[in-house]
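Protein chains: 2
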Amino acid sequence: MATQRLSSTIEHSIDFYTQHSPFGANASFTLGRIGKGGGFGLDLGRPADQDIFLAYGRRGEDPRAMPFFEGHAESLEVFAMAEEIPDPTKDAFYKDWHVFCEAEIRRDLGWATDTWQAGDLTFRLFTPFGEVADPDAAEAEQTRLAVLPAILAEIELDNSRSGKPAWVFFGLATKDGTGVRRLSQTTGGRILGAAGETRFGLAALPDGGRVQEVQPWFIDEMMRSGKPEVHGLSKQGGLLLHVGARKKATFTLALGFFRDGTITSGIAAQYYYNRFYSSLEDVLQTALAHADERKALAAKRDRELRTGGLNAPRQFLLAHATRGYLCCSQLLMAAGKPLWVVNEGEYQMINTFDLTVDHVHFELRFWPWVVRNVLDLLVDRYAYHDETQDLRHGRKSHPGGISFTHDMGVCNQFAPPQRSSYEIPQRTGGFSFMTHEQLVNWVLTAALYAVTQDDREWLAARQGTFRETFESLRNRDHHAAEKRNGVMGYDSMSCGRTGQEITTYDSLDASLGQARNNLYLAVKTWAAYVALEKVFTALDDKRPAKSAAAMAKLSARTISGQFDRREKFIPAVFGENVDSRIIPAVEGLVFPYLLGDLDAVSPTGRFGPLIKALKAHMRTVLQPGVCIDARSGGWKISSTSTNTWPCKIALCQFVVRHVLKLRFGAREAKWDSVHAQWQQVGCADWAFTDQVRSTDGRDLGSRYNPRSVTSVLWLLEE
Amino acid sequence: MATQRLSSTIEHSIDFYTQHSPFGANASFTLGRIGKGGGFGLDLGRPADQDIFLAYGRRGEDPRAMPFFEGHAESLEVFAMAEEIPDPTKDAFYKDWHVFCEAEIRRDLGWATDTWQAGDLTFRLFTPFGEVADPDAAEAEQTRLAVLPAILAEIELDNSRSGKPAWVFFGLATKDGTGVRRLSQTTGGRILGAAGETRFGLAALPDGGRVQEVQPWFIDEMMRSGKPEVHGLSKQGGLLLHVGARKKATFTLALGFFRDGTITSGIAAQYYYNRFYSSLEDVLQTALAHADERKALAAKRDRELRTGGLNAPRQFLLAHATRGYLCCSQLLMAAGKPLWVVNEGEYQMINTFDLTVDHVHFELRFWPWVVRNVLDLLVDRYAYHDETQDLRHGRKSHPGGISFTHDMGVCNQFAPPQRSSYEIPQRTGGFSFMTHEQLVNWVLTAALYAVTQDDREWLAARQGTFRETFESLRNRDHHAAEKRNGVMGYDSMSCGRTGQEITTYDSLDASLGQARNNLYLAVKTWAAYVALEKVFTALDDKRPAKSAAAMAKLSARTISGQFDRREKFIPAVFGENVDSRIIPAVEGLVFPYLLGDLDAVSPTGRFGPLIKALKAHMRTVLQPGVCIDARSGGWKISSTSTNTWPCKIALCQFVVRHVLKLRFGAREAKWDSVHAQWQQVGCADWAFTDQVRSTDGRDLGSRYNPRSVTSVLWLLEE
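Residue numbers (our numbering), protein chains in the order written: chain A, 8 to 725; chain B, 8 to 725.
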């Protein structure tokens, strides 16, 4: 898919950052913004700040380069003492280079490849990913390759039209003081390349002399001569690749990451890949030895996406979102056992649970055991028990029950048991508790895992937790059983005496931000009761199954009872004078659907009135000036906010189109195109960005975010 | 010593960066520039970029703060989604704070304490250091404390004149994405404080509730209320210390560092302290448990410097230089054995050998075994053998011999055997080979170690190496024994066919930069022959002893023969039309003197003519317009360069005053004062800086440098 051709009417771009990451290494080789660097980042919530050089030259010709560098050579400044060194300003270097501009470049972003073509040069980054088996159950060799913290690249130079030999320099320059070294020195020449201390590097096989290792002081000079330059103090290093006159050649490179030692606090853990790799050199050699099969895996993913029935903007959105997720993925090892983490992009929170409930769609497809891993840690360490309070009646206190923390810590720092890094008391907006939201999320995630993976053993082991969650859910409705309506009525006492619970939509207004009586959360609560009925039935736990079914019915009745027959919508908050219109009203429908309960989501099924009301609601809100932004034409998740969230748009698009079977004709493709443009233009600097201004697609937060892999659901659409 | 009062005529300052570092951790808690941050840096060749908060408040009073922060709160920007967060610009925060200005602060820099006093607040940083025994021979417990990667601090608030309770906030804010956490969480409350992930932190004991742990979002708000604030997402954390009305209280804090895993490449090593400490918490708890004895050690060093007979500027220079050295010191462990490194400040080169030969004066006083450690690694891994070439006769090649690399790598990256990171062929200036210089350095360093430490076993084990160096030295003079004159005549073939050797003075002109026929190197070569005679005599190796004595005589005769009787100086380079006048002519005299050979450096001894010539030379050059800068009044090491090197000034001052017994009356104190001012004003941003512009004291390179501990020699002066 050529991203330039996403649409004939909406301006798209190839000029955006993309993260290229192996599985579980919390690392990324980032590039894509024209005229900016990027490079190798480890445990960062943002791109690294290196220059990446990819340029080719021939004797007597100006070098031609991909635009992945800023061109300020820091390492020269340090040694400015050597008088003959030229003025190290941006202008002094590369000023005669032809750096390709956007119009000269063709970029194709597949699910697992990112290809840049300009002039005679083709550069392809491979980020292979595929099914990963539970390391506790898999063959060690299988896991060893799955957790390899490296990606691959191919550089092709088509020199067939030139009568002169050509050379390509592929390399990096650090700007933060990180040393650069040559990999031949520690591998006896088995691989060649440049490393940044012990932590990252690029490498290739010697290839019979076609590949030379360089560490140049003056890249410019080297590019003109084609002769390797080496100086151990230079913070610029890489490879010089030679292509004969009238030849075309392709070179394979490995780009690797490595960290050992203790990575985290709270729970002291190291990277799981430390079990198999003792150094960066080890990682890079393994990547090169297995390059063919890794590339084949990437090609398989590309094919899958290309033939998956998605239009071009949707293919782009899923491919881009997948990279956001992979960058944040982190497989650790604590006390010898796997410990799964997805970090929350720029915020770096550990396993934010309201993100997990969205990642689960992707994870259950490729590495389902990670879902169980997170659910177990939630129960074992991050579950807590509270009391509740009735805000409408003088904050009278009532029983509560189990729930789960918002996250497990931040920045590689695991929070203590029963604590998140995010939640604090006495707040009514951002940073308040998400007690009800996370309770519902546990039920839905756990049910989805257990049912879709048919993990009966785990289900049985967690029966007590399911029962606790069921009780806790009902207590948060009303303490008197007969007064329950299936919707959250009480706030957690954790919020303190002046606070109230919020939902995952913490940066929006009350339409989505307030938890109590919230339509979005009410439908998810209904879905949780539907899921609990399914779980208890599977456990042959008859009384709670029956009781959950009754609660689901109650819930559905309450929600559909809020339907405004004149305006044909359900207000965002029930009975609290908030009549915003919201798209995530239908978010919860995805769960019964994926649990295989098609009756539950059918307008003619046992919850028919609810489903019909929601269908009517969606027809009402998906109109310009309501939840279709009148300016941009994209989806806004709330009619009263311009802060819109791509991860939820993707999820709700799936529900609207595939579960509710609503059709909007040509408008659908236009929406997709707008959403793709937001990422490519407004959020170009921030890789996948999950808070966007609906008027113009500008980023509003949640940068470098993993969450939008909800778009993997599109592959299920007919 | 109050640095403000260094001199009544020369303007001094307290506004300069100082590194506060434990032994061997390559780490520093840096502060001192007014209005700039600093904080905890690990494996950096520069200060870290954190804000350090030290402020006190009382109800209804504006907070008063030390000026160790810039005030831009990055962590707030990240979560700008919470609408009520104020504009995170510099001005929005702390605008009503009274931040002490330079005139309000008294700063006293001792050898191992740095005290800041302003308003009611006194802040004292302790960097205890003292004799460290060889870990291979010492008790484990003794080594455990010696290698503790932590320093201490004291905060005293004198609230005795106020009727209101007061509080002090001491904390940090990261700006590079590093997470902050509370130390009570991982220590069960045994210590309180803030950590930056697993790598650094500040901590105190709970002290019966007088100490509270905080992680505030808004420091400003907290400072006004005196109430602890905590939010796990804030990247600002620290301690709130409470002092009652009409009370005075002192709090002790530990500031610690921690890194585990593989730190280096080439030789894979970890920090030696990993043998004893498994986490940052472990480090901080140990530091607090041993606070009294560590403080006492610092006090002992302070006393030693205060009573050592040095004037105020000299006390400052030694104290400041010691910190530069300690910051760069790095005790590693490879294959279970200690591996000693001193990194070269901003350049981060590993064990640059022409620096080692200067550090040795400090090291032999406190931890002599590290000198042996470096000498052994030089022999075992970084020795090489070359041929030589005669540049005056068509670059004809001749035998060479053993020498040693310039350094052992850069940025925690050990170079391969026989290679430095610095040296490259075909150069005539910076980055050329220092073959002769490093050969002489090995002889002098090895002799000094073996003789002063009386390590006969080591001497015997290295007898072969001493012989090899002697042969190599002579070969570099002339291939025909009868044509030798005791001075370097041939350049190493390593330089290639267009290069020539340089000396340690690589950024100066030929007066000090060129190695062949260089006066500075000639005197050091003479010293090497004197040292070799001593070594071979100790080894009862009679023939080489006699032969070395003869070479020393030859050398002395050649040098003194260059004395210009009319102008009363010796030219910087012999017979090559370079008549610059240089101070380091006398550098080499330090070695015979420290080897106890007083006859060798006496005007009436066996080298009388040489010593007399050098005395006359120094009287000539230490004049304004020659090697006393006419503008600043400070020493310039070469009459033809304004780039002057404090480490060599200190060394040569020692030789001039103590070895040659030259006196310059009141001018001596003025010189010291100028040299102190250079560091405090011109080099304020760069901690100890070892390349300075002699006209105005501006830094010219070699920032954050370890080398100027040569000033420890001043303590030997009568």
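Among the clues, some could well be false.
Because identical chains cannot be distinguished in the list, a pair is counted as satisfied if it fits within a single copy or across any two copies.
[Stated by the list, open to error] Below, simulated DSBU-like cross-link-like pairs (lysine-lysine); rule was C-alpha separation at most 30 Å, straight line:
#  : residue 1 : residue 2
1  : 171       : 182
2  : 102       : 575
3  : 255       : 619
4  : 254       : 182
5  : 575       : 182
6  : 403       : 255
7  : 344       : 254
8  : 677       : 307
9  : 234       : 403
10 : 619       : 677
11 : 677       : 622
12 : 43        : 619
13 : 171       : 575
14 : 102       : 171
15 : 403       : 43
16 : 560       : 182
17 : 43        : 102
18 : 182       : 43
Worth flagging that the hints you see were computed from the coordinates, not collected in a lab.
The structure displayed is predicted, hence computed values, not measured ones.
Cross-check of the supplied hints:
1. Proximity of residue 171 to residue 182 under the C-alpha cut-off of 30 Å is found in neither arrangement, the shortest distances being 34 Å within a copy and 50 Å between copies.
2. For the homomeric pair residue 102 and residue 575, neither the shortest alpha-carbon distance inside one copy (63 Å) nor that between copies (52 Å) is at most 30 Å.
3. In the homo-oligomer, the alpha carbons of residue 255 and residue 619 never lie at most 30 Å apart, since the shortest distance is 61 Å inside one protomer and 73 Å across protomers.
4. In this assembly of identical chains, the alpha carbons of residue 254 and residue 182 never lie at most 30 Å apart, being 35 Å within a copy and 50 Å across copies at closest.
5. For the identical chains of this complex, residue 575 and residue 182 are neighbours neither inside a copy (58 Å) nor across copies (49 Å), given an alpha-carbon limit of 30 Å.
6. For a Cα distance limit of 30 Å, the shortest separation of residue 403 from residue 255 qualifies neither inside one copy, at 77 Å, nor across copies, at 45 Å.
7. Taking CA atoms no more than 30 Å apart as the test, residue 344 paired with residue 254 passes in neither setting, with 51 Å inside one copy and 53 Å between copies.
8. For the identical chains of this complex, residue 677 and residue 307 are intra-copy neighbours only, at 28 Å inside a copy versus 77 Å across copies, given an alpha-carbon limit of 30 Å.
9. Proximity of residue 234 to residue 403 under the C-alpha cut-off of 30 Å is restricted to the inter-copy arrangement: shortest distance 28 Å between copies versus 80 Å within a copy.
10. In this homomeric assembly, residue 619 and residue 677 come within 30 Å of each other (Cα to Cα) only inside a single copy, at 26 Å, whereas the closest approach across copies is 92 Å.
11. Proximity of residue 677 and residue 622 under a CA criterion of 30 Å is satisfied intra-copy only: 21 Å inside one chain copy versus 89 Å between copies.
12. Taking the closest pair of Cα atoms, residue 43 and residue 619 never come within 30 Å of each other, the shortest separation being 50 Å inside a single copy and 63 Å across copies.
13. Taking identical chains as interchangeable, the C-alpha atoms of residue 171 and residue 575 are never at most 30 Å apart, the minima being 72 Å within one chain and 63 Å between chains.
14. Taking CA atoms no more than 30 Å apart as the test, residue 102 paired with residue 171 passes inside one copy only; the shortest distance there is 23 Å, against 65 Å between copies.
15. In this assembly of identical chains, the alpha carbons of residue 403 and residue 43 never lie at most 30 Å apart, being 57 Å within a copy and 51 Å across copies at closest.
16. Taking identical chains as interchangeable, the C-alpha atoms of residue 560 and residue 182 are never at most 30 Å apart, the minima being 61 Å within one chain and 51 Å between chains.
17. Within a single copy, residue 43 and residue 102 get their C-alpha atoms as close as 16 Å, which meets the 30 Å cut-off; across copies the closest is 35 Å, which misses it.
18. Within a single copy, residue 182 and residue 43 get their C-alpha atoms as close as 13 Å, and across copies as close as 21 Å, so both meet the 30 Å cut-off.
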